[in-house]
Amino acid sequence: MVGDPETDLNPEGLFGAIFQYPDTLGQIRDLRGPIERVKAAGGLAVVAADLLALTLLTPPGELGADIAVGSAQRFGVPMGYGGPHAGYIAVRDALKRALPGRLVGVSIDSRGNRAYRLTLQTREQHIRREKATSNICTAQVLLAVIASMYAVYHGPEGLREIAQSVHEKTAVLAAGLKRLGFERVNSHFFDTLTIRAEGRVEEILAEARRRRINLRKVDEAHIGIALDETTTPEVIEAVWQAFGGDFKYPDFAPENHLPATLQRTSPYLTHPVFNRYHSETELMRYMRRLADRDLALDRAMIPLGSCTMKLNAAAEMIPISWPEFANLHPFAPAEQAQGYHELFETLSRWLCEITGYDAVSLQPNSGAQGEYAGLLAIRAYHRSRGEGHRNVCLIPSSAHGTNPASAQMAGMEVVVVACDAQGYVDLNDLEAKAKQHADRLAAVMVTYPSTHGVFEEKIRELCDIVHRYGGQVYLDGANLNAQVGLAKPGHYGADVSHLNLHKTFAIPHGGGGPGMGPIAVKAHLAPFLPGHPVLDGGTAPVGPVAAAPYGSASILPISFAYIWMMGSEGLKRATEVAILNANYIASRLEPYFPVLYKNEKGRVAHECILDPRAFKARCDITAEDIAKRLIDFGFHAPTMSFPVPGTLMVEPTESESKHELDRFINAMIAIRQEIAQIERGELTAEESPLRHAPHTVLDLADEHWNRKYTRAQGCFPAGQSAMDKYWSPVNRVDNVYGDRNIVCSCPPVEEYA
Amino acid sequence: MTPERKPRSTDFSRRHIGPTPADIEQMLQAVGVSSLEELIQQTVPASIREAEPLNIGPGLSETEMLARMRAIASKNQVFTSLIGQGYYGTILPPVIQRNLLENPAWYTAYTPYQPEISQGRLEALLNFQTMVADLTGLDIANASLLDEATAAAEAMAVAQRSCKQPTGPFLWIRTCTPRRWPFCRPGPNRWAGSWWWATPKPT
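Going line by line, the protein sequences match chains U and X. Taking the numbering used here, the leading residue of the first sequence gets 1, the next gets one more, and so forth. Taking the numbering used here, the leading residue of the second sequence gets 1, the next gets one more, and so forth.
The shape of chain U in the complex, shown without the other chains (with noise of 0.2 Å):
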């Protein structure tokens, strides 16, 4: 229920309220009272609260509240039509394990040194599947790293000057309002005011766009303006002009209007990571230092199995920081983004021309939430057709973990489905799952080619079973690139796909996103895609499923551009040859590690699974063993343990050349031989090179290295060039202690001695 913190808040049963802080009017209210009521009734308080302005105010934490949420877009990060920006969640210690989505915390290596990790990843959905709390995949690393390297370079005075400014252009914007006889409706402010206006509002916002400047239509009396780091005095003098005012900027003293009992007193950033990089050379070198740690694109080759790590190529990447594509506001008027509307038109049109669908809704920000949305979309038009009741979603056993947390999320019953020892979905147990669940069947989630990396030969009749017993069929688009001009979803069965733009549509994985996951559907569906309540009043029968209407507005440039250019043929002939390269690693490593699932004809389709298990059982060498050992020869790990436990899975794209296949080859082949020397008993597994690896400088260095082998054989495997070597950073980085001892944080300065 929405309503009134003062008058409405009777705790009674609530099990949590949020707040803004400050709120959509601007005003800045002492929360204590209402946090306390809604705490001491056994509800959890939520504050949703601007960052920028929290250098000044109280903390969210300092007034009870149980979890604080927000968005670090200010943080550096352009406005771009809506996103992508960084949303924030931030709780008490007694909440962390059930804090959703990807925390990184401090553990140690194999040599005991400081190594950063992944944490308490048991919470997530590869794991815990339909039990798990949260369907989220892709977070938005890259946008969160540059906003803290925004306050990185910043620093904490810097932070709060930049606040400081905002809040006296605010005050000297106010002042000129008051003089001109305008109410303002917050008593107090950081950045924003609401104005009331009764009777001039339409007049005053014409006047202002007039001067090229975007006021807020708060309703029919009131106008809204927010001021930032980039407002000038010119754009406040242009302000008053609209409201009938002509004033210089000089012409007022800023008064501090930031209540006086919410005056920030507790420091922050106090860390020296957020006081030492604060020259542009500093900057600069640190970011290099730590690109340098790392294995990306630029190094090698990401073989990595369902994730597509092809190249984004920089004509695509340049139109990003164009201004007109950074720089628009979500909800400017939709004539100042005609551009934005004919690129998303135009995208939207060739989507559906690739997939055979009818429709697409660009909104959803990552695979999850286009799951998310499409299910959404599958329940709608049940209820629509009377048939509300339908919610059991069918999900094959080999399915990503996302599937069924999705399904769950959207209030569906998951029923597994069995798949054969070929690693198809087995026709008979789903038939029979379908007709004993006819009357409540919803959907099935199945992913095409399947997960196991072969194309299924009986997927139309997969599609009719489903479509006979009443239910939808959601084929995840996740494996689309082994598909692009050569077979379409929507003409062999399927309703409702997400695409992975950041897979099959060249969009940069960014560290961990931003990922795009549109949704296509047949006609039928396309009035449940999701709603805004910006394009339609919130009249939609599905509402939206993220904060902007067009999701990721700014980065949808680049697969407009990576379509554009390579052209009917050029999207025919990549899938061609991202089979070619599959198929291709498939027949070389066969003779040295079994490939898993083949079709009839002995087939892959554009990933293929190595099958190392027999080591395990052998010789004590996992995947995990020859995973790391791959950093050694420089190349980033394949897929492990995903679809089936145990096994790599290698998908090397289109994009990369003969000679970084056979690189790849021949290191696997390397590796293949030292674990011939485990099995032929030369030396146990704990002493070999595979379970030491990754090598660092340090065991280059290490003074009483008494291994079984060379420290030149751990370092150099098979004669890595040592001018090019890639060095990891640190050793195998060790689980169970990071999860054991959680912090993350950045640790005190002492251990950084």
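These are calculated hints, taken from the structure and not from any lab test. A hint or two may mislead.
[To be verified] Ranges of calculated distance between the beta carbons of each label pair, as one might list FRET restraints:
1. Glu50/X - Thr281/U: 53 to 63 Å
2. Glu50/X - His467/U: 16 to 26 Å
3. Gly646/U - Arg14/X: 48 to 58 Å
4. Ala71/X - Pro233/U: 29 to 39 Å
5. Glu64/X - Glu461/U: 36 to 46 Å
6. Pro594/U - Gln26/X: 48 to 58 Å
7. Arg161/X - Ser397/U: 24 to 34 Å
8. Thr20/X - Thr281/U: 38 to 48 Å
9. Arg70/X - Val736/U: 31 to 41 Å
10. Val736/U - Asn55/X: 53 to 63 Å
11. Glu157/U - Glu64/X: 47 to 57 Å
12. Arg14/X - Gly112/U: 46 to 56 Å
13. Glu64/X - Arg211/U: 55 to 65 Å
On a predicted model such as this, the values are computed, not experimentally measured, just so you know. We treat Cβ as the ideally placed atom computed from N, Cα and C, and that holds for glycine.
Go by the hints and put chain X onto chain U.
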């Protein structure tokens, strides 16, 4: 009229696709087929193959694409937006734009599931978590969520899982920015019925 003959250097797809035509011949041989088409026939079921080529048009060169993209971009008008509601003008420091946002070492990396080769971005994310925890005055922050609306919905889910009376209502204070919260309407969602959409009324 003779169509313009374009040099191969302008064919973007040849840059995007790694193997050269000569490489492809060798690879087909290693795989044991005589042509790409034969491989595709052995891989993709005939029952789902499209007979017609895609109708996207010929590929553009990088130069042509950028020129046409400029024309599309120029149809956007960059006004000064003082609309707020979670989106603000901000200055991306050029040193960060050039060395991070536009640097493939940062943007082409994968999710840091392999921690050994991800120490750089893991440190940057730890800085993000420290920054958020410090500024909010809370103990622990995660490495980001999709957007503020998703964060609010996830917070609601955390509250529901963690409180003593998970079946009660969840109160949305009227002065929360309405456009920022998805899921806040009646309908098929995981908290159906407990709350609804409302337009804030200035008081």
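Checked hints:
1. Evaluation of the 53 to 63 Å hint for Glu50/X and Thr281/U yields a pass: the beta carbon distance comes to about 55 Å.
2. About 21 Å separates the C-beta atoms of Glu50/X and His467/U, a value consistent with the hinted range of 16 to 26 Å.
3. A C-beta distance of roughly 39 Å is found between Gly646/U and Arg14/X, which places it outside the suggested range of 48 to 58 Å.
4. A hinted range of 29 to 39 Å for the beta carbons of Ala71/X and Pro233/U is consistent with their spacing of about 34 Å.
5. Distance hint check: the CB atoms of Glu64/X and Glu461/U are about 44 Å apart, consistent with the given range 36 to 46 Å.
6. For the hinted restraint 48 to 58 Å between Pro594/U and Gln26/X, the CB-CB distance of approximately 24 Å leaves it violated.
7. The hinted window of 24 to 34 Å between Arg161/X and Ser397/U holds, with their beta carbons roughly 27 Å apart.
8. In this structure the hint that Thr20/X and Thr281/U lie 38 to 48 Å apart at CB holds, the actual value being about 42 Å.
9. A C-beta distance of roughly 54 Å is found between Arg70/X and Val736/U, which places it outside the suggested range of 31 to 41 Å.
10. At roughly 55 Å, the beta carbons of Val736/U and Asn55/X sit within the given window of 53 to 63 Å.
11. Remark: the range hint 47 to 57 Å for Glu157/U to Glu64/X is upheld by a beta-carbon distance near 48 Å.
12. Checked against the hint of 46 to 56 Å, the C-beta distance between Arg14/X and Gly112/U comes to roughly 50 Å, which is consistent with it.
13. Range check, Glu64/X to Arg211/U: Cβ separation about 36 Å, and the 55 to 65 Å hint is violated.
Taken one by one, the earlier hints fail for this structure at numbers 3, 6, 9 and 13, listed in ascending order.
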